[in-house]
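Given chain H, put chain L in place with the hints provided.
Protein chains in written order, with full-length UniProt numbering: chain H, 1 to 289; chain L, 1 to 286.
Hints in this document: simulated from the structure, not taken from any laboratory.
Wrong hints could be hidden among the right ones.
Now the stretches of chain L that chain H is said to cover, found in silico as 3 or more residues with beta-carbon under 8 Å [claimed, not checked]:
(1) 31-38
(2) 136-142
(3) 152-164
(4) 248-257
Computed from the model, here is a short list of chain L residues facing chain H with C-beta under 7 Å [to be verified]:
(5) ARG17
(6) ARG20
(7) THR21
(8) VAL27
(9) ALA103
(10) ALA118
(11) MET124
(12) PRO126
(13) VAL213
(14) PHE219
(15) LEU238
(16) ARG239
(17) SER242
(18) THR260
(19) ALA263
(20) GLN271
All residues carry an ideal CB built from backbone N, CA and C; glycine is no exception.
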Amino acid sequence: MLAPYLVGLVGLVLLPAAVTLALAFTEYDLVNAPSWVGLDNLVALVDDPVFRVSLTNSLVFALVAVPLRLLLALGLALLLHRRAFGVGTARAAAVLPTAVPEIAYGLLWLWLFNPLYGPINQLLRVGGENGLTALGRTPPQWLTDPTDARAAIILMSVFTMGETFVVLLAARRALPRDVYEMAALEDATGWDVFRRVTLPLMAPVLALLAVRDAIASLHFSFVPAYVVTDGGPPPYATTYLSLFIYRTGFEYLRYGYAAAATLVMILLTVAAVVVQWRLVRRYRGFYGL
Amino acid sequence: MGGRASGPPPLPGAAGRVWRTLGAAFVVLVFVPPLLLLVSGSLTEPGLPPSPTPHLVPDPVSTAGYRQALEIGGLLRASLNSVLVAVVAVPLSVLVAALAGFALARLAPRTTATVVAASLVALMVPATALLVPRFAIFRALGLTDTLVPLIAPALLGTSPLYVLVYYLAFRALPRDLYDACLVEDLSPMRIWWRVALPLVRPVTAALTALTFVLTWSNFLDPLIYVYDRDLFTLPLALRSLSVLDPTNFPVFLAGAVLATAPALLVFVLAQRRFLHHDDPTGRDRP
Chain H
1 MLAPYLVGLV GLVLLPAAVT LALAFTEYDL VNAPSWVGLD NLVALVDDPV FRVSLTNSLV
61 FALVAVPLRL LLALGLALLL HRRAFGVGTA RAAAVLPTAV PEIAYGLLWL WLFNPLYGPI
121 NQLLRVGGEN GLTALGRTPP QWLTDPTDAR AAIILMSVFT MGETFVVLLA ARRALPRDVY
181 EMAALEDATG WDVFRRVTLP LMAPVLALLA VRDAIASLHF SFVPAYVVTD GGPPPYATTY
241 LSLFIYRTGF EYLRYGYAAA ATLVMILLTV AAVVVQWRLV RRYRGFYGL
Chain L
1 MGGRASGPPP LPGAAGRVWR TLGAAFVVLV FVPPLLLLVS GSLTEPGLPP SPTPHLVPDP
61 VSTAGYRQAL EIGGLLRASL NSVLVAVVAV PLSVLVAALA GFALARLAPR TTATVVAASL
121 VALMVPATAL LVPRFAIFRA LGLTDTLVPL IAPALLGTSP LYVLVYYLAF RALPRDLYDA
181 CLVEDLSPMR IWWRVALPLV RPVTAALTAL TFVLTWSNFL DPLIYVYDRD LFTLPLALRS
241 LSVLDPTNFP VFLAGAVLAT APALLVFVLA QRRFLHHDDP TGRDRP
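Extracted from the complex, chain H is given alone in its bound form (with noise of 0.2 Å):
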């Protein structure tokens, strides 16, 4: 009854996990066969710059991005975790941008963030003059000026916590309700309760989760990359990891040069893994696993 699974396991993530393993060390291009060039691709990887710009970009971006997200999520989760009218709907709300289909979230917002006829922009030039804002400043270049174009990345991704949300609002609805009483008997203020009994209950979800959006952030940047900003602007501002491998092997052919760059996606990963299986048996006794 496992056996179609197990072929799932093995043939689709073991069995090219091996493959990416292999074809590093070879240059592919599809037409002839794989060629041993050894250590070449990995050697040519670190002189190459745009490999190192899109390795800093997917670093930096996981690094402002899943913050952000897990403080939305969290910040939505304690909001929304009792009863009351309307609770239903905005957790639907909150949910529903992560169930558009991404490309179809990212046309969206390709359209959003046009400088000209976007939205947002003309929302921010009202009451402004000449095209300027409300403030007399020019509003942001989200598609041309690489920081506004980053910021504009990171923006979307926010919008799409909803998974995480979810998880941390189970966690959250699976507190014991007495320890809260206590502390409505110690008289304890409100920032109080969070800082020392919500936020150590949710701590090993709270890092779990963190550290499973980072490896997600990964992937979940290569779609608005795609779409919205095309990488650019030039140089290279929003190029991620998951774009460089999908530029490098799919559009130009350089099938070893991208299983290489995926080897360094996957170091990043395993090494994110140990620290999650680290975080997990730490916390193993608290959950009772």
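Structure of chain L alone, referenced to chain H:
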């Protein structure tokens, strides 16, 4: 016992409820507008000079964008392909996940632990990290430029997470039940189909919905495996529509609405199952 606490965080009574409702209203106000704008943008008349001020309701309201999207973009054909992939992949994926989850709940602990660990690892690997090698494998099998690579993830249950969810659900069924079935001399297959599966129907409903949303929205796989326009799925056709004329936003937004609607509809129908479980039984979701 001290005096009454002044505003402890589980706000007491009516005041707390009002604040929570206000908060909820704010959340709705932040998250819904982008989707409203998607609809309003798609109803704008294509080709008009963009208005300098923001409008929530376009003037004039026009469905020309939808007509053009269907004609130029070949979205009808693409929708058909998307439906075809979903019709094959979604039931297959749910079956694979349910079977595997059931097997994991019944097998020896050692085997189960190994497979669960492998699933967790598979869950962590970012999809982009597998692009190149998967492509090389499908290419070697001569399966590129067919719809097969788009259906293949069903063998993984679309996401190993869904297998694990089924595993937890089946494991939570009382042991006596399985023992009773063994006394009746039922085969594992029959126990799965006749006894266990009907008991986890809510799980099946939620996972079917999520699998559909993921399959329907899949953009990366068609992007690398399919080049023949006649095999384009909806997300891919949408992409080529936007590349065709990136300035004609009503047309590609109309296409985006068409691609979003089924996913959102299924999601809204299913979301009650994982967002509104106010009973304690819903607490142990992973």
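Tested hints:
no.: 1; hint: 31-38; verdict: holds (count 6)
no.: 2; hint: 136-142; verdict: holds (count 3)
no.: 3; hint: 152-164; verdict: holds (count 8)
no.: 4; hint: 248-257; verdict: holds (count 6)
no.: 5; hint: ARG17; verdict: holds, 5 Å
no.: 6; hint: ARG20; verdict: holds, 4 Å
no.: 7; hint: THR21; verdict: holds, 5 Å
no.: 8; hint: VAL27; verdict: holds, 4 Å
no.: 9; hint: ALA103; verdict: holds, 4 Å
no.: 10; hint: ALA118; verdict: holds, 6 Å
no.: 11; hint: MET124; verdict: holds, 5 Å
no.: 12; hint: PRO126; verdict: holds, 4 Å
no.: 13; hint: VAL213; verdict: holds, 6 Å
no.: 14; hint: PHE219; verdict: holds, 5 Å
no.: 15; hint: LEU238; verdict: holds, 5 Å
no.: 16; hint: ARG239; verdict: holds, 6 Å
no.: 17; hint: SER242; verdict: holds, 5 Å
no.: 18; hint: THR260; verdict: holds, 5 Å
no.: 19; hint: ALA263; verdict: holds, 6 Å
no.: 20; hint: GLN271; verdict: holds, 5 Å
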